[in-house]
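Residue numbers (the numbering used here), protein chains in the order written: chain A, 6 to 203; chain B, 6 to 203.
FYI, nobody ran anything at the bench for these hints, they're computed from the structure.
Careful, some of the hints might be misleading.
Repeated chains share a single entry, so a pair holds when one copy, or any two copies, can fit it.
List of simulated lysine-lysine pairs, DSS-like, C-alpha gap at most 27 Å [as the list claims (entries may be wrong)]:
(1) K39 to K27
(2) K170 to K27
(3) K170 to K39
(4) K27 to K41
(5) K41 to K203
Chain by chain, the residues run as shown.
Protein chains: 2
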Amino acid sequence: MFSERFDQLVQALRILPSVGPKSAQRMALHLIMKNKQGALALSEALSDAADHIHECSICHSLTENEVCDICLSQDRDDTLLCVVESPADVMAIEQSGSFRGKYHVLGGHLSPLDGIGPEEVGIPALVQRLAEGQVAEVILATNATVEGQATAHYLVEATRHLNLKMTRIAQGVPQGGELEYVDSHTLSQAVHNRMQMK
Amino acid sequence: MFSERFDQLVQALRILPSVGPKSAQRMALHLIMKNKQGALALSEALSDAADHIHECSICHSLTENEVCDICLSQDRDDTLLCVVESPADVMAIEQSGSFRGKYHVLGGHLSPLDGIGPEEVGIPALVQRLAEGQVAEVILATNATVEGQATAHYLVEATRHLNLKMTRIAQGVPQGGELEYVDSHTLSQAVHNRMQMK
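Starting from the given sequences, assemble the full structure and let the hints guide the process.
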């Protein structure tokens with residue numbers, strides 16, 4: 006609208022998740038009119054990050070080095086491996102502070118209809134990693150979706166020949182959840198997986 | 006979380022309007038994992054735009070040149086001047102296709118409590134522009150907020166000595182508006198400003 010470069014900026018902002026044409030326009034105007042310094046800093050942070058951040062060669066999470074800090078850490082339990090779908094899940098679990106083992110990122114979930122089989126999410130490589138024998142327990146922390154559940158079940162089958170404890174993160178009523186508003190599938194899981202208190 | 010540069014990118018994304026910590030994380034992950042090309046393109050578009058786009062020296066809208074395309078245009082009516090608060094408003098009116106005159110961008114509205122007086126929104130310069138005599142009608146298209154109304158009224162007073170037609174964009178029920186859901190101030194304006202049909 007105002008100039009070629011303005012339109013290019015609006016277009017480029019559209020690649021951000023859940024940013025439509027109106028938001029992109031608003032963002033571009035905000036940056037150009039109110040925060041050129043911020044725009045330049047963002048520009049640099051973007052090219053810096055894109056050039057230097059890539060997959061960890063061991064766990065497939067993100068790192069600037071060959072191997073990520075979590076994989077390198079001496080303080081974390083090597084016998085506990087948490088399998089997740091994406092680096093975002095690693096971040097979520099780390100922020101919960103509930104886990105001190107290592108991770109393995111699949112990079113997705115099984116979805117045969119989309120042509121995503123065990124090879125595509127690196128399950129053979131994971132099975133090989135587990136066969137090395139260092140891991141004693143695998144915590145399956147794929148999403149509680151149909152695909153995530155299927156992926157977890159597939160992993161249990163694919164590692165049946167190994168002497169491994171396999172666990173699945175609990176499903177139930179979330180913190181602050183009011184039973185009245187919890188969906189019936191979750192509630193039936195919560196009743197089924199009830200825990201003894203006394 | 007994953008690395009210094011990842012955190013810097015999340016931080017830099019926070020300058021975008023209505024992007025909180027969670028969205029910034031999601032954006033950073035999306036860019037790094039799914040669209041590094043897009044991230045680099047966005048980086049370039051940002052620095053390009055920040056370096057080249059600035060205020061038009063006549064109307065104070067945005068341009069890459071000394072004077073913007075609208076001010077330079079021979080096809081637009083020089084006798085009609087539309088006064089708006091921001092370049093975003095120029096964009097909105099242009100997209101409505103309802104106006105073929107020229108613009109003047111105030112860059113804000115009067116707000117005495119915030120120390121924004123006539124000088125700060127360039128009203129003396131606008132009055133001088135109007136005194137040159139080329140403009141026959143000024144359309145006051147400041148926002149329909151208290152401040153926008155006050156700014157419009159101030160402009161009417163400030164140009165009382167000039168031989169100018171001053172108009173204000175209409176206020177009323179918006180397209181698709183159902184009376185039941187329209188606020189009472191808007192409805193009272195709509196009744197007060199009713200138009201004869203026959």
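> What are the numbers of the hints that this structure violates, sorted from low to high?
Replying inline: 2, 3 and 5
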